[in-house]
Amino acid sequence: KAGVTQTPRYLIKTRGQQVTLSCSPISGHRSVSWYQQTPGQGLQFLFEYFSETQRNKGNFPGRFSGRQFSNSRSEMNVSTLELGDSALYLCASSLAGSYQETQYFGPGTRLLVL
Amino acid sequence: GNSVTQMEGPVTLSEEAFLTINCTYTATGYPSLFWYVQYPGEGLQLLLKATKADDKGSNKGFEATYRKETTSFHLEKGSVQVSDSAVYFCALSDSYSGAGSYQLTFGKGTKLSVIP
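For the record, the sequence lines run as chains A and B.
Per this note's numbering, the very first residue in the first sequence carries number 1; after that it's consecutive.
Per this note's numbering, the very first residue in the second sequence carries number 115; after that it's consecutive.
With the rest of the complex left out, here is chain A (with noise of 0.2 Å):
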């Protein structure tokens, strides 16, 4: 079964745009959640899709939001970047987000504002 996949693997962004990155989970896994790590806040939880709904919100700025679509596959956008959200954006999946589940991770996007 393919894992998580993950697009694209890097980006260079300047400050003031906008970038979407996207990502398809495990076959059948409905719940996707999105992390971002950096060196200095380590990973945090962005948000969780499940059934095409948000459900859950970390503690981030309106400049980030997301979707997901009826086949599960997820996209997170940043709008309006700032150097500071240089930092590999993870993708993670499950089958329904329960908390007993393991989260299956993608490799991740490396995104470099400039």
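Treat the hints as calculated values from the structure; they're not laboratory data.
Everything numeric in this text was worked out from a predicted model, so none of it was measured.
Glycine is no exception: its CB is placed at the ideal position from the N, C-alpha and C atoms.
Just to be clear, a hint being listed does not mean it is correct.
[Claimed, not checked] Label pairs and their computed distance ranges (CB to CB):
1) Gly-84/A / Asn-173/B: 28 to 38 Å
2) Ser-22/A / Pro-154/B: 22 to 32 Å
3) Arg-15/A / Pro-124/B: 18 to 28 Å
[Unchecked claim] Cross-link-like lysine-lysine pairs, in silico, DSS-like; alpha carbons within 30 Å at most:
4) Lys-225/B / Lys-57/A
5) Lys-57/A / Lys-182/B
6) Lys-1/A / Lys-182/B
7) Lys-225/B / Lys-174/B
8) Lys-1/A / Lys-166/B
9) Lys-170/B / Lys-1/A
10) Lys-57/A / Lys-166/B
11) Lys-13/A / Lys-170/B
12) Lys-57/A / Lys-174/B
13) Lys-225/B / Lys-166/B
Model the placement of chain B on the given structure of chain A, informed by the hints.
Chain B alone, transformed into the frame defined by chain A:
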């Protein structure tokens, strides 16, 4: 709120040495506990997990026991190899979530380097 505290390292060990990475947690409900590993340039891989008190998770020679009385989930391996060099993250997912879904709360990560 929930939190995970783990020794940040870096930790440098010789091959075949014993490894312990301490992890303690604070949670509102009844959490599931995880250890993930991250190799350079890659995402996170599940190493092991435990979903209730006294459960022991194990994989590839690594073990961790869910200790509710000490709110701990320490990672151990009896004999490390060079290939174990990576960053290890302790994480929890809480049974209590007012929003109805369960996010992972991570520790800061511990970088392990194993030298021949």
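If any of the earlier hints don't hold here, list their numbers in rising order.
3, 6, 11 and 12
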